[in-house]
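Chains F and L: place on chain P using the hints.
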Amino acid sequence: MKTYLLIPFLPLAAFLINILFGRNFLKEKAHWVSILAVAGAWVISVATLFDIIAGNVVNENLYTWMLSGNFKVSVGFLIDQLTAVMLIVVTTCSTLIHIYSAGYMHGDKGYYRFFSYLSLFTFCMLMLVMANNFLQLYFGWEGVGLCSYFLIGYYFTKKSASDAGKKAFIVNRFGDFGFGLGIIMIFLTFGTVYYAPVFSQVGGFAMQTVNFLGYDVNVVTLIALLLFCGSIGKSAQIPLHVWLPDAMEGPTPVSALIHAATMVTAGVFLVARCSAIFSLSETALTVVAIVGAVTSLFAATIGLVQNDIKRIIAYSTISQLGYMFLACGVGAYTAGIFHLYTHAFFKALLFLCAGSVMHAMEGELDLQKMGGLKKYMPVTYATMLLASLSISGVPGFAGFFSKDEILWLAYASTSPVGKLVWLTGTFVAFLTAFYSFRLIFLTFHGKFRGTHEQEHHLHESPKVMTLPLILLCVGAVASGWVGIPHLLGGGAHFTEFMKPVLGHPEAHGTEAEEWMVMAVSVIAGFSGIGLAAFMYLKRADIPGRLAGQFSGLHRLLFNKYYVDEIYSFLLIRPTLWIAKNVLIGVTDARVIEAVVNGVPRAIGGVSRQLRKVQTGFLHHYAAIMAAGLLIIVALMLLR
Amino acid sequence: MLPELFFGYFATAIIVLSILVVTRRNPVHSVMWMLLLFFHIASMYLFLNAEFIAAIQVIVYAGAILVLFLFVVLLLNLREEIKTNRFIGSWPAGLMISAAILFGIITAVRSFVPGPAGKYTVALIQQETHAKVLGEVLYTDFLFPFEIASLILLVAIIGAIVLAKKKMRS
Amino acid sequence: MVPLSWYVMLSAAVFTIGVFGFLTRRNILIMFMSIELMLNAVNISLVSFSHYLQDMRGQILVFFVITVAAAEAAIGLAIIIALFRNKSTAHVDEMTEMKG
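Chains P, F and L, in that order, give the protein sequences.
Under the working numbering, think of the first position of the first sequence as 1, with each following residue one higher.
Under the working numbering, think of the first position of the second sequence as 1, with each following residue one higher.
Under the working numbering, think of the first position of the third sequence as 1, with each following residue one higher.
Isolated chain P, as found in the complex (with noise of 0.2 Å):
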């Protein structure tokens, strides 16, 4: 058997024990079933990443999945370099946060529950990032949007829990929808799922049209649109972002893996396989980057007055992913996976400090009750603090090798819209490092500004919390080291080893240019941390008065836009109304009611005539007898 098939097999197979034996079985052991499968899944994707490295690729079938008359579709396994960088990413980050959730969800009732969710969600995303279909990924992607739905409603006896994984859910399949009918446009037009085909085919197409809803679009703008749809939805890009803050109702960990790391940059993922289609539609591609870069804008300037620390994360999340949009937009792949592969650890890793301040904390998220918790938890402050400096883009962090690299492609770029996004993306570094700042001080600098009882709680977490926060932190700091690009001295290793998949982007700009933009980029980090150390640390009065000054946009801002309130007005209530008094007042109780107390009253109706045919007088019964005979001796008499 292939080695590669154990990779999505393993946690399948410690789902499927976990969620039979869990809960009479194995009890508190459920965590060794699963950490055991992902890690073996992380030992196997190492493996396959050296392979490669060394060149083998593979595109394999498996068996036949759907077989309908012209249409046949199996599972199948594609594993290239772009593949293999996701691999580790996955296995990485599910490996070090199933360890950390043995600590976090210790004592928790549904512990098996827990683990055993958390393993069908890594076998769905690497089903995904594995497939060699669009029919399989659009099965890995539903399959970890229904993980994401279980796991943020895992404390779903809290009403705002289950309600946050059902709008989760909700919101994603407004964009799978439109995934759905992208990949019904790739059929139509290609005949065929699988990915090779399609992309070597695609050329073919590039000036095609096809007429939909009346209007005359061309073909492959519209596929790469309807597929950008699904990463809008998957990756909360407005306009469906509106459900990853919600998200963090979900235990920590489980924003910590899918909410940072690996479902939401499912979207980056299919955008970047499906360069092929994207690169020969200009107008997508200015979609794409537009979309990226006034999400990373908007949320960034949210998370800038938020005080939930989660929250202040989530929108950091969407910012970022932002960012990877912005990259391939412009044509930039390898620098959005490049991105994508970096923030997945720094992200986890704030995730998963947020959480170690939490369990401190016992519970509370509010920054205004926290404070000066440096003393109390320095292996938890020292790793936020470094996940956070890479996050700003501070030079010789992971963070600031991939951001650069985004930043200087798109000023860079052919695209009409390169040098806007550009502005926007420094921009944007610089409220990134502000508000990553603002948090760490808030939170961990200046005087302890909860009660007493949780400051006499307050503590460093255990060391199988610890241990995957230092392990992550080892990361977010030298997981950029293998993309240092060549103006650094550096090798640009991660650029070469993608261009046979991604390929590489021209880059229209000087060297000297190109020293501008690092610099500048440079700047706009160290003065958002000038700052933000400068209204939190020296005077800490500030942020209140201009929150006094400005306190509309001050209130826009906190309450995001009020974007759940216009989608409540314009589409949850309309809906709403539409179930109950169209739906339930009629269909249900005119017309299927009607029918089904109906049949039984005219059956109840026909019989209570017919009954009457049995008067009990045993001389009408012989009379009909007699009258029966007659008949019969008249018809034979006839005959």
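Residues of chain L clear of chain P, computed beta-carbon distances all greater than 12 Å:
{"hint": "1", "residue": "V8"}
{"hint": "2", "residue": "L61"}
{"hint": "3", "residue": "A70"}
{"hint": "4", "residue": "E72"}
When the alpha-carbon atoms are kept at most 16 Å apart in a straight line, the in silico EDC-like pairs for lysine to aspartate or glutamate are as follows:
{"hint": "5", "chain 1": "F", "residue 1": "K132", "chain 2": "L", "residue 2": "D55"}
{"hint": "6", "chain 1": "P", "residue 1": "K612", "chain 2": "L", "residue 2": "E97"}
{"hint": "7", "chain 1": "L", "residue 1": "K87", "chain 2": "L", "residue 2": "E97"}
Not close to chain P: a few residues of chain L, all C-beta gaps over 10 Å, as computed:
{"hint": "8", "residue": "M1"}
{"hint": "9", "residue": "Y52"}
{"hint": "10", "residue": "D55"}
{"hint": "11", "residue": "R57"}
{"hint": "12", "residue": "V65"}
{"hint": "13", "residue": "A82"}
Source of the hints: derived by calculation from the structure; they are not laboratory data.
Just so it is clear, CB atoms sit at the ideal spot from N, CA and C, and this is done for glycine as well.
Positioned in the frame of chain P, the structure of chains F and L alone reads:
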């Protein structure tokens, strides 16, 4: 000449007696008329050279079944029978239906074609006695129905006892 | 020689009288006697056929008809007795529990 005369008498008697049977008010009278009827039918059988059947008719029908009827009539002890209606309200409809049946059967009989004659001529029956001939056929060709008939009688015995017995006072 | 059709018409007449009695009388015993009447009519017809077609099988059937009539009379009368015990009336049009 003589056979037709005898037949005419017996036919008239049978019809009149049967009308009397179904129209008497008192059930005992009906039973008596029925007895007379059975005797006339037995004579009719004698006409037709079926003396064993005639004997059976008298013994079983007149001797056993009618006596049974008589016992039940006496058991039921119907006194008010004499005073109430004999016929149900809609007896004209019954009359019509029976008249129609009579008409139908008579019409059907017109188109009757007799099949091939068997081998039991009157001479043969008179030579070997009727009982012997009857036995010959009954115990060879119709042995199985004969056995079934005995089972039917067994069932009748058991059924009659079970149905009519009084509850045991315990 | 008496033609066969006369016997058959006699049998039809007696049968019809039996049907009339069964359809119109209220007393259950008379109804039963009408049934016996019908059976006898059939017997007459069978014996006459047997005589005219010179085949014994008609008389064999009469044999069995008489047997079955005896058995049926026994059980029917037992039922009447049981019925009378419960209802203490022999009029059929007063027994309508099977209505509906």
